[in-house]
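A.B. asks: Take a look at the letters that make up each chain.
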Amino acid sequence: MFSVISNNSFVIAQVGIAAVVWFLLQISAAVMVYFERKVCAWLQQRVGPNRVGKAGLLQPIADVVKLLFKEELRPAAADPWLFALAPIISATAAFAAFAVVPFGGSTTLFGLLSEPLPLHVADVNVAVLVVFAITSMGVYGIVLAGWSSNSKYSLLGALRSSAQMISYELSYGMALAAVLVLANSMSLRDIVNAQSGSLLGIPQFRWFVFLNPLGFLLFFIAGIAETNRAPFDFPEAEQELVAGYHTEYSSMSFGMFFLAEYINMVTVSAVTTDLFLGGWWFPGVPESLGWLVFLFKISVLLFFYLWMRWSLPRYRYDQLMSFGWKVMLPASVLNVIATAAAVLYFGL
Amino acid sequence: MLFYFFGALAVIASLLVIAQRNPVYSVLLLITSFGALSGLYVLLDAPFAAAIQIIVYAGAIMVLFLFVVMLLNTPHEDTDADEKTHPMLRPGPMRFGAAMAVALLGELAWALSRSGPSSTFSNTPVTSLSAIGYTLFTDYAFQFEVTSVLILVAMVGAVLMARREDQPGEKR
Amino acid sequence: MPSLNDYLILSAVLFTIGTAGVFVRRNLITILLSIEIMLNAVNLSFVAFGRAFGTVEGQIIVFFVMTVAAAEAAVGLAIVIALFRHRESLNPDAFTALKW
Amino acid sequence: MMLLLIPLFPFLGFLINACIGKRLSKSASGLVAVAVMVASFAVAVTSVIQLAGLPEESRAIVNRIFTWITAGTFTVDFTLRLDPLSALMILVITGIGSLIHIYSTSYMHDEPDSEYARYFSYLNLFASFMLILVLGSNFLVMFVGWEGVGLCSYLLIGFYYTKKSAADAGKKAFIVNRIGDFGFILGVLMLFVKFGSVDFQEIAHQASMLSPEVVFGTVSMATLLLFVGATGKSAQLPLYIWLPDAMEGPTPVSALIHAATMVTAGVYMIGRNAVLFSVAPDTLMVVAVVGAATAFFAGTIGLVQNDIKRVLAYSTVSQLGYMFLAMGVGAYTAGIFHLYTHAFFKALLFLGSGAVIHALSGEQDIRKMGGLKDKLPITYWTFLIGSLAIAGVPGLAGFFSKDEILFKTYAGGHTVLWVVGMLTSLMTATYMFRLVFLTFWGESRTPAAAHAAHGHGHDAHGHGGHGSHLHDAPKPMAFALIALTVGSVLAGYIGLPHALGGSNRLEKWLEPSLTAPHMVASAGEATRSMEPTDVAAPVATEHGGAGEHAESTGVELGLMGLSSVVALSGIGIAWFFFVADPRRAESVAQSFSGLRTVLLNKYYVDEAYDAAIVQPLKIMSERVLWKVVDANGIDGAVNGAAESVGGLGELLRRLQTGSVRAYAASLLLGAVLVLGYYLSR
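Chains as they are written, first to last, in numbering that gives the first Met the number 0: chain A, 0 to 347; chain B, 0 to 171; chain C, 0 to 99; chain D, 0 to 680.
Treat the hints with caution; some may be incorrect.
[Unchecked claim] Which stretches of chain B does chain D cover? Using the computed rule of at least three CB atoms under 8 angstroms from a CB of chain D, they are:
| # | segment |
| --- | --- |
| 1 | 94-106 |
| 2 | 109-115 |
[As the list claims (entries may be wrong)] Pair by pair, the computed Cβ-Cβ distance ranges are:
| # | chain 1 | residue 1 | chain 2 | residue 2 | range |
| --- | --- | --- | --- | --- | --- |
| 3 | A | 54 | B | 150 | 33 to 41 angstroms |
| 4 | B | 143 | A | 91 | 28 to 36 angstroms |
| 5 | A | 91 | D | 652 | 48 to 56 angstroms |
| 6 | A | 325 | B | 148 | 54 to 62 angstroms |
[Claimed, not checked] One-sided and incomplete, this derived list gives chain D residues near chain C with beta-carbon spacing under 10 angstroms:
| # | residue |
| --- | --- |
| 7 | 560 |
| 8 | 561 |
| 9 | 564 |
| 10 | 653 |
| 11 | 656 |
| 12 | 657 |
| 13 | 658 |
| 14 | 661 |
| 15 | 664 |
Everything labelled a hint here was simulated from the structure, so no lab data went into it.
Glycine included, each C-beta is placed from N, C-alpha and C at the ideal position.
Make the full structure from the sequences, and use the hints.
C.D. replies: Take a look at the structure:
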């Protein structure tokens with residue numbers, strides 16, 4: 000099922016792509032940290048980091064260095080194995096999810112390759128499900144972190160976040176199902192290509208966000224909840240539980256959670272782009288430059304994330320839950336039904 | 000190769016599940032074994048089964064278990080301290096049951112040995128989701144509906160039972 | 000390339016492990032986990048058979064088994080919680096009273 | 000189906016009064032009860048007329064209602080059969096029954112509505128059963144009525160169930176009757192074994208073929224057992240004891256059940272099976288002796304009793320003794336005749352006494368009466384005539400019947416029995432007039448205060464309210480009294496003997512019932528079959544020509560004179576002691592104080608029974624049956640069963656550990672075994 004063409008150069012290229020993706024994801028985390036602080040500053044009429052390097056561009060590196068040189072602390076009552084395992088799980092899940100996300104058409108790397116190479120780490124015909132599965136795995140990192148560190152703040156945060164993630168996973172999946180109905184496939188690449196059709200006479204503009212705006216909205220909100228971002232950042236509600244599930248973590252293990260959070264944001268944004276925003280398709284842009292379009296779209300979504308975090312207040316927990324169960328879920332179910340009906344009726 | 004890797008992983012993980020005194024470890028090890036199983040499903044050209052194995056089992060059911068473990072927070076199961084005086088409650092039945100389990104294994108092996116050597120999978124696999132979905136919603140539509148009803152009932156029942164009484168511990 | 004029998008043997012082993020777990024553990028949650036192991040062992044054999052006969056039924060049955068397992072887990076855990084409220088224990092032998 | 004209506008009407012009344020009686024007003028329920036009885040009477044009369052229209056050979060109306068029992072070859076039909084004998088009976092029952100119902104409507108008028116309805120429902124039910132008894136064409140149907148009337152008599156004796164004496168009397172009557180019924184049913188079974196049928200006609204037919212048993216045999220045994228039943232029902236020695244106590248019931252009940260109808264069932268039964276009994280001379284002898292003895296015995300007790308109703312009760316017993324005497328000597332006609340006349344005047348006397356008690360608001364002790372002659376003229380005159388009739392004064396009903404019995408006895412050669420009968424009639428006249436004189440003559444001994452005092456607890460309830468002024472019988476009672484008076488005067492004339500130029504129509508009328516069926520043609524055979532025994536001789540004479548009558552006429556006339564003399568002298572004795580100079584009675588009583596106390600205490604029979612039977616039974620039941628058999632045996636068995644089940648449960652409980660894993664283990668074991676089985680085959 001791994002559609003790997005058995006050819007040395009291709010294998011090398013494939014590995015290369017994987018490596019590039021892995022590296023870029025880490026970089027993206029650093030970049031995200033920088034922009035988080037910058038955007039926060041702009042929204043608050045501040046300058047933000049500007050000491051380290053030009054306009055504080057080196058700030059993320061400084062942060063990483065700081066993290067690396069901090070002492071690795073572990074509470075005496077903590078469960079050593081799980082305490083160590085939790086951040087690894089989170090990070091792994093975060094990275095793994097991206098594996099099946101295509102981020103561009105195929106390229107021959109300027110003729111280096113005899114045949115075009117599709118831009119993705121791995122294409123699975125049930126990619127959507129795989130993404131779904133892996134994100135659902137991510138919850139374990141949080142839960143275990145909370146439980147193993149044997150502190151009430153951590154445990155509460157863990158329980159909260161896992162409950163929240165499970166609750167929103169439902170609407171997440173339902174919104175996703177609508178897209179599957181539209182695209183009639185589970186392979187993300189197929190889904191993206193299904194959006195390359197023309198809409199309103201504009202070619203490559205048949206994005207599902209237009210065909211199914213409600214689905215997009217639901218998916219986006221659920222995605223925010225999945226990534227525990229504001230205004231749904233209950234796992235780390237500083238005012239209530241010091242820092243939630245990673246209260247007891249320090250140094251690099253904390254860094255992993257940190258990393259995982261941002262990579263999750265990137266992944267969700269990428270998936271959202273693939274599912275609703277037509278992936279690497281943009282009117283008037285050739286497929287060969289698709290990855291740039293893709294990058295652009297992701298950036299826009301990520302900016303949304305930051306924007307929301309620094310402008311919206313946090314919900315109350317019960318509000319979150321009732322919203323998830325009483326608004327999101329029914330809406331998404333309705334959305335699926337409506338979409339299916341529309342597909343049958345208009346033969347989209 | 001992969002089959003033996005996953006198989007060994009599954010068996011070891013399962014063994015550790017029942018060898019653990021700490022339910023949290025048990026749950027995690029079970030998740031591991033589920034992961035191995037889903038890998039086996041992939042090898043069996045059943046990606047759908049593999050995916051839902053992770054999503055439903057690992058992603059939902061096991062989280063539920065983990066929840067309960069954390070909620071009740073009884074990490075270590077009580078040891079032989081409270082062996083009952085009742086003869087049937089002595090470790091006897093345990094040993095007996097274990098022996099029975101082994102006997103069952105022997106019988107299953109026997110049955111397989113009688114069935115003779117089986118060929119490797121020759122015919123073409125059915126991997127397309129549409130085929131599964133089609134069969135599921137045509138031939139097994141009724142069963143599907145019944146299952147949904149079952150889940151509804153289970154949900155109501157679970158809510159009802161887990162609901163805290165007005166004065167907990169009053170019923171003794 | 001493993002044959003059908005290999006999968007079946009694996010399934011049998013897993014099933015036996017689950018069975019044994021039901022008996023050797025003294026913790027309701029672990030017992031439920033063991034039951035899950037048994038279910039999965041059966042699932043494995045189903046999928047293997049389905050693959051061997053080239054039919055989808057194998058996976059469909061797995062689907063049903065999973066739904067049932069979900070229901071079972073939900074109800075079972077609810078019962079566990081209720082029991083735990085009454086006796087501060089998860090030992091099945093603490094609930095041998097035939098009526099409350 | 001016409002016959003069915005006769006018992007059905009009273010039963011209907013019973014149903015109405017029993018079901019909705021509580022909601023009916025007194026007048027309504029009373030009206031219902033009387034109406035059904037009158038209707039039944041009307042039907043009875045019409046059917047009897049219809050019967051009379053039939054030729055003598057086949058003078059019977061048979062109605063087969065339904066097949067009751069079918070077991071193999073043995074079938075019993077619920078069949079009603081009207082023949083001359085039963086015709087006479089139903090006329091008596093419905094006729095006198097109607098009168099007594101009418102009487103009751105005013106007599107019981109002070110009862111609360113529900114009690115009133117209950118009373119009449121019982122009374123109707125009794126009538127219905129009694130009619131079934133007399134109309135039944137086989138033993139089983141008869142037995143239904145037999146038991147039914149027993150039940151009703153129990154219910155009515157214990158009518159004032161709040162009164163211990165009444166309740167006890169009811170129980171006593173029922174138990175004693177049970178003893179008799181036991182003998183009866185045994186007799187029926189024996190007859191079935193012997194003849195293979197329980198149908199009267201069939202049995203009579205086969206019996207007529209038999210030659211009389213010179214030695215005591217099956218038939219004798221069976222008939223004897225039947226007679227035991229008769230003694231129970233008809234209050235003969237030794238089972239008479241319940242009848243005097245039965246006076247606890249309301250007086251009309253005493254009149255209807257314990258004087259006119261039920262107590263005569265035994266006599267009727269013997270009459271019904273005349274042919275059968277004729278084949279068993281030994282039994283007949285026993286019957287005759289018992290009858291005579293009872294008559295004399297009861298008479299003596301009656302002499303000294305002070306309760307007006309008890310005196311009448313003993314006289315009833317005594318008169319019943321007469322009837323059995325007649326049956327015993329084979330004078331069936333005479334017995335039935337006396338039964339018929341006795342029904343009239345004894346009912347009259349009871350109703351009269353009822354009127355007195357009614358007037359005195361519950362007073363029953365004749366020593367507290369007296370001087371009522373002027374205050375209660377109607378009652379007095381009717382009562383007087385009744386007494387004359389029973390005493391056997393010439394011209395009145397009792398004279399003819401009693402005289403015929405005595406004549407037949409004498410003619411039968413039973414001189415001893417005849418003497419006893421004479422003495423009894425003397426005593427009868429004496430105690431009856433003692434009653435009359437003490438009650439109605441002389442100066443009043445009624446304590447004004449006594450009314451209220453005795454007003455309650457006795458059967459004429461609540462008369463205290465009427466104060467001390469005496470009132471004669473109200474219209475309905477008076478009507479009944481007068482009607483019965485007429486009856487007791489005239490009833491005798493249908494059986495006017497040849498000696499007085501009469502042609503004893505009754506005898507002719509009853510003949511088909513008393514002889515073997517389908518045999519009128521060959522009556523000679525029947526006659527011959529009875530000739531050899533002197534006992535059956537009178538029967539023979541009944542069939543024989545007028546020649547024998549011619550010879551016996553002289554004797555008969557002589558006896559008539561004698562008996563009338565006896566009757567008058569009896570009255571004289573009574574006058575001598577109780578009117579001319581009461582102190583004489585006292586002195587005599589003093590001189591014979593021992594005998595008197597014995598008589599007052601009825602020969603201590605009750606005490607004897609109590610000592611001989613009741614107490615041993617009680618002790619036996621308590622010491623053995625209860626303390627040993629029940630407590631140890633039965634309870635032991637029951638508890639033992641329970642405990643054994645419990646023990647078994649204890650064992651099985653070991654399996655029900657409630658331990659999930661134990662269950663799972665057994666489950667798994669089963670799975671392993673099944674799988675192993677299928678693998679190993």
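A.B. asks: Indicate, hint by hint, whether the structure satisfies it.
C.D. replies: Outcome of the hint check:
| no. | hint | verdict |
| --- | --- | --- |
| 1 | 94-106 | holds (count 7) |
| 2 | 109-115 | holds (count 3) |
| 3 | 54/A x 150/B: 33 to 41 angstroms | violated (55 angstroms) |
| 4 | 143/B x 91/A: 28 to 36 angstroms | holds (34 angstroms) |
| 5 | 91/A x 652/D: 48 to 56 angstroms | holds (54 angstroms) |
| 6 | 325/A x 148/B: 54 to 62 angstroms | violated (22 angstroms) |
| 7 | 560 | violated (97 angstroms) |
| 8 | 561 | violated (94 angstroms) |
| 9 | 564 | violated (94 angstroms) |
| 10 | 653 | violated (12 angstroms) |
| 11 | 656 | holds (6 angstroms) |
| 12 | 657 | holds (4 angstroms) |
| 13 | 658 | holds (5 angstroms) |
| 14 | 661 | holds (9 angstroms) |
| 15 | 664 | holds (7 angstroms) |
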